[in-house]
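Given chain A, put chains B, C and D in place with the hints provided.
There are 4 protein chains.
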Amino acid sequence: MSNTFGKIFTFTSFGESHGRAIGGIIDGCPPLVEIDEAFIQYELDRRRPGQSDITTPRREDDRVEFLSGIFEGRTTGTPIAFVIWNGNQRSTDYDHLREVYRPSHADFTYQQKYGIRDHRGGGRSSARETAARVVAGAIAKLALRQAGIEITAYTSQVGHIAMTLPADRIDPSEIEKNIVRCPQPEIAEQMIDYIRQLKAEGDSIGGIVTCVVKHLPAGWGNPIFDKLSTRLAQAMFSINAVHGFDYGMGWDGVALKGSEQNDAFMTKEGKITTATNRSGGIQGGISNGQDVYFRVLFKPVATIAKCQHTVDVHGQEVLLEAHGRHDPCVLPRAVPVVEAMAAIALMDFYMLAHG
Amino acid sequence: MSNTFGKIFTFTSFGESHGRAIGGIIDGCPPLVEIDEAFIQYELDRRRPGQSDITTPRREDDRVEFLSGIFEGRTTGTPIAFVIWNGNQRSTDYDHLREVYRPSHADFTYQQKYGIRDHRGGGRSSARETAARVVAGAIAKLALRQAGIEITAYTSQVGHIAMTLPADRIDPSEIEKNIVRCPQPEIAEQMIDYIRQLKAEGDSIGGIVTCVVKHLPAGWGNPIFDKLSTRLAQAMFSINAVHGFDYGMGWDGVALKGSEQNDAFMTKEGKITTATNRSGGIQGGISNGQDVYFRVLFKPVATIAKCQHTVDVHGQEVLLEAHGRHDPCVLPRAVPVVEAMAAIALMDFYMLAHG
Amino acid sequence: MSNTFGKIFTFTSFGESHGRAIGGIIDGCPPLVEIDEAFIQYELDRRRPGQSDITTPRREDDRVEFLSGIFEGRTTGTPIAFVIWNGNQRSTDYDHLREVYRPSHADFTYQQKYGIRDHRGGGRSSARETAARVVAGAIAKLALRQAGIEITAYTSQVGHIAMTLPADRIDPSEIEKNIVRCPQPEIAEQMIDYIRQLKAEGDSIGGIVTCVVKHLPAGWGNPIFDKLSTRLAQAMFSINAVHGFDYGMGWDGVALKGSEQNDAFMTKEGKITTATNRSGGIQGGISNGQDVYFRVLFKPVATIAKCQHTVDVHGQEVLLEAHGRHDPCVLPRAVPVVEAMAAIALMDFYMLAHG
Amino acid sequence: MSNTFGKIFTFTSFGESHGRAIGGIIDGCPPLVEIDEAFIQYELDRRRPGQSDITTPRREDDRVEFLSGIFEGRTTGTPIAFVIWNGNQRSTDYDHLREVYRPSHADFTYQQKYGIRDHRGGGRSSARETAARVVAGAIAKLALRQAGIEITAYTSQVGHIAMTLPADRIDPSEIEKNIVRCPQPEIAEQMIDYIRQLKAEGDSIGGIVTCVVKHLPAGWGNPIFDKLSTRLAQAMFSINAVHGFDYGMGWDGVALKGSEQNDAFMTKEGKITTATNRSGGIQGGISNGQDVYFRVLFKPVATIAKCQHTVDVHGQEVLLEAHGRHDPCVLPRAVPVVEAMAAIALMDFYMLAHG
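Chains as they are written, first to last, in the numbering used here: chain A, 4 to 358; chain B, 4 to 358; chain C, 4 to 358; chain D, 4 to 358.
Watch out, some of these pointers could steer you wrong.
Copies of the same chain look alike in the list, so a pair counts if it fits in one copy or across any two.
Cross-link-like lysine to any residue pairs, in silico, SDA-like; alpha carbons within 20 Å at most [as the list claims (entries may be wrong)]:
#, residue 1, residue 2
1, 10, 354
2, 260, 312
3, 10, 351
4, 10, 44
5, 10, 33
6, 10, 273
7, 10, 356
8, 10, 357
9, 309, 118
10, 260, 197
11, 274, 317
12, 271, 308
13, 217, 48
14, 274, 220
15, 217, 351
16, 271, 115
17, 271, 322
18, 260, 165
19, 271, 319
What the hints contain is simulated information worked out from the structure, not anything from laboratory work.
With the rest of the complex left out, here is chain A (with noise of 0.2 Å):
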């Protein structure tokens, strides 16, 4: 159950990176969803490596192929299978890492825990693992599109370089404006600098995926262990490389004082409000009506191109050899993976709330 997300719709994932395919199931999707194949490819041309010169050069050419679940272009309410087969792989090239732990990486673990790994690539434990979870998110967003849910995210930090405009203020359309996906123009241009200096350093960088889900009714998050927090969270840490999360105002309103971070209530149009929304939309656990935000930390990639010291299986010594085409930053490409992982979580608390 380790590669299902979800109670009531629920995705699970399966794939190796340099296996025959990755893919999942869906099971409990709500019937008689329009299934618009070319979003789903546009989400999924968002995530490609390739796709820029800040990402990987590797060439994936990620295409979906849907088993079930779909009838004459709608979802019927049964588990939509679907799989992205993997290209033509040149297993060899792997060879040298078969018995190697490289740093910061998956290898060293999954071998403690399974006895066995699939070397190539990363194996399971690659980040080529979350084309699926592309595929599973934008069903879902056509889902809750239809009820009016948005789930934007953008790269609000990369490195040092910070966007200084709140997530309250960015105008949208500017995201898919540049390669760095951050809704700031002078900002991306130098996040981009940055992102292309450490490359050729042969380096890499982390940093901040910011995301806002708008028109989310009051009262989706089930308390005590299920609220809408914990699981954004869980969504969240399940993507590769991410090291931390907040909402609201998270982190940086750690200095501040409880009647600076309350959110007043009032009443506005005859509806009740709140004067600001410091708490990220949620209190208790429950979405309180007004914008749900939250950051996503992540850490640099494992992969450098730079000389590293590490042991193989057996202890010994090894000198790991530089090797290219990875990215420098992941997270211009991570940005539809957060969103995908928003809208999966998101859909127990609809199909809750819709029946």
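Frame of chain A, contents of chains B, C and D only:
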């Protein structure tokens, strides 16, 4: 199920702050664990209100009564139910809040979700509920102790006042020596002064609890959606007022490159280990045998003594009058709750490892 | 989790027959259900020992005490915890059974599984635990009643004595008119005589409880692994001594051909219905709007007053001495338990349908 | 989640009978299990249509293609995804059923529940889906074999024709020697003749499959709601056309007294065992180390060649024309499905026992 945590070792919580009792059921506890009642009471006492002048002066004499699952001092493998009786509550004390939505509390969202709520002392959304978790956590700790695993949390930041000692340099025996539970005495003093000052102002403040898990075997945690990191995050976000979580370098490493964050593998005394532990003992969601450490961000308690603007259930403006008896800073009392939830979260992996 | 039933509306049970108390937690109950305490007590009284001369003469004055989840007489959507206190038990009464494995009881298997057990009165494996289910079932019934759904069970066979009236011809008002709860008076009399005879012999007997669910809407049940039939079967096999379950024609139809069992569709008053209901109201695991009916097979209670050969925990032969106070036939008291578990089982589907 | 079985070792099924493919994902499989592809194909062949003149003459060349989770011939602990491609289907063959509700099929209930359905060949409700379970079951069997556990099912009754040999007296090597899979040759012959006669009549018949699990260790199964018996029942009721389940003496013992059904404990070669095994190897929901045996009741297949009255989606009367190619009796092909589901059901307990 939203009041149940875990899959194999599960804890189900119940109770409102001014109802008859709070408590819970632990299911799936391994048999033959010796129940050390003094230890359980010690843990409850660390969480108890009124323990110092920087916590709420409310007196709750929290004593646990076990109803099942224990036979002649040892667990039997059957469900362990327990209650903590609520004292004689003067419910009329809360009559003025019956129709008022307190800012940044869960009053409004519970009402939106359920159409009814127990308004007395926050009802189900009160942090009083966490006392039940401390009991379950104490039993989890007793089981984990058999496997040599130790969990230690402490207050590492209050408002702007942060410890300077890193997690791997602290002396755990210092934690309980001061009332704020910070193992760096000179910082602890500043924290205490600051909390006293805010108490006088009728305001509140948040901060950070750091937690370290020692002697965790390699191989705990299940990729992709049930990582060790995910489960810990899930545990922490269930705690009242938690708005952020990170592990390893986390937020502190946002500006550091891959070459500065990777942990090189090395062999030491015939065993594979890592030269550094920047990733917090987890790779690919699985423990690597190093210490696991993480941080939990608490926002300031929403209850403050200052006068606040808000509305009632009819949308009418209300001036919320100041009342005493809140915690100016929840962190000293949150420390045992963080430990308890960490212990509960680890038990599923313990059960899978120990069969 | 093995003491929890359900996924959305869940019931978690605790308690040993001679421990402090039995009880449970209902989680996911819809809010605003009126708690009719007299009805709950009525249901408990139907299950209570000592209610007639054909049940055990043990007196248990089962009264439920609610601890949470109810506010001013209505459910709040938060966990409903409750206890039924065990009376003053003379534990020493059971000292002679401390090391003995009673034939066809769970003494041996609990000991093998857990290495420890509460031997007093069967401990956790005692049917006393079902009283807690009757409480949860009563609340489920109150919620289902809002949707017009009625659940009626009755004793349809005791040993070789079987009713001749089919389920769709019974008069439910006859059930509570006799102590064996059989709605065919002349058969009821034979059953009662037979049970009295077995009681005198110090023996026990099993039989069949039939249950009918009326006014269930079409569309409840989730294929493939969570069918309505599966969930009902799961609910029934959790009851002590249940060894069989069928629905629709079930075992009675084993020799009938497809052409003799198919239910033809027809239109009646503008609505699609079926001419017959041999399939028990379920097709492909989903309700079709007809009555759902099923049967539950109980084996004889393992406790008999006759002298039996067995062994103790050391493998030494023991002659198990006769003791009184058992139920010669569990069926009259099982009827409310079957109804309760059916009600609990239906609630998940209710929640999915009502959101 | 209704297409997922199990909690630790889970199987998620997908696919419609005339869609692109059927298949599934096994999650939580222990690593290092050798994948014997010939054995898996052998199991599929036992379920395959067209295997004899008493099964449907449809030809489905069921071959499994594994997509993930297997590396160099062994499982890796990661999800095992597989597909069985559907052959070239002539969808137009089913156009006349597009708007017709076939009697006692799931057409009507799917339409009521989802508002849409794939009408071709029963779509998701087709028994074709069980081929995927046979693959998952074969892998479960390979894992269980490591623990010495053997699962054997056979046809014990067809219509009124029942075996006279009890389960503990059969010779398993006889099962595959005849096309009805009944280990009592003279009865098998009668069954086959009867099925041929019904086939000629255009009718169908049900019956009973008996299953025996040998060498199961004591201690498997979790009271109260996750008993070994419950899990087996749950597994069996998921199979198409199953309407009954019993274990131990079950229905055959309904007229027997407690003194006639209790299994006396005794010591044999220094080990505690039982003199008889009327309870089917399970007490209190936990295995006792004896053989576990149970029976599964199948109603006749709803598809018959006889002309039937029914209605279409508009409620108009329709005369359903006779078509060939159905199974007159599903039992011979159900035998491997019963074994597969039993194997899958046991794996959770295996995982809990083996860690």
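Copy assignment of residue 274 with residue 220, given that the CA separation must stay at most 20 Å: within (13 Å within a copy, 36 Å between copies)
Check residue 10 against residue 273 for me: Cα-Cα at most 20 Å, and say if that holds within a copy, between copies, both or neither. Neither, since 36 Å and 38 Å both go past 20 Å.
Identical-chain pair category, residue 217 with residue 351, by Cα at 20 Å: within (17 Å within a copy, 30 Å between copies)
At most 20 Å between CA atoms: does that hold for residue 10 and residue 44 within a copy, between copies, both, or neither? Close neither inside one copy (26 Å) nor across copies (33 Å); limit 20 Å.
Since the copies are identical, ignore which copy is meant and state whether residue 10 and residue 351 lie within 20 Å (CA to CA) inside a copy, between copies, both or neither. Answer is both; intra-copy 7 Å and inter-copy 13 Å each pass.
For residue 10 and residue 354, with the copy left unspecified, which applies at a CA distance of at most 20 Å: within, between, both, or neither? both (10 Å within a copy, 14 Å between copies)
Can you tell me if residue 10 and residue 356 fall within 20 Å by alpha carbon in one copy, between copies, both or neither? Cα proximity of residue 10 and residue 356: in one copy and across copies (14 Å, 16 Å).
Reference check for the pair residue 10 and residue 357, CA-CA at most 20 Å: within, between, both, or neither? Close inside one copy (15 Å) and across copies (17 Å); limit 20 Å.
Between residue 260 and residue 197, at a C-alpha cutoff of 20 Å, which is it: within one copy, between copies, both, or neither? between (35 Å within a copy, 11 Å between copies)
20 Å Cα cut-off: does residue 271 pair with residue 319 within a copy, between copies, both or neither? Classified as between: cross-chain Cα gap 11 Å, same-chain 68 Å, threshold 20 Å.
Are the CA atoms of residue 260 and residue 312 at most 20 Å apart within a copy, between copies, both, or neither? between (46 Å within a copy, 17 Å between copies)
Please work out whether the CA atoms of residue 260 and residue 165 approach to 20 Å or closer within one copy, between two copies, in both situations, or in neither? between (24 Å within a copy, 15 Å between copies)
In the structure shown, a violation is registered for the earlier hints numbered 4, 6, 9, 12 and 13, in ascending order.
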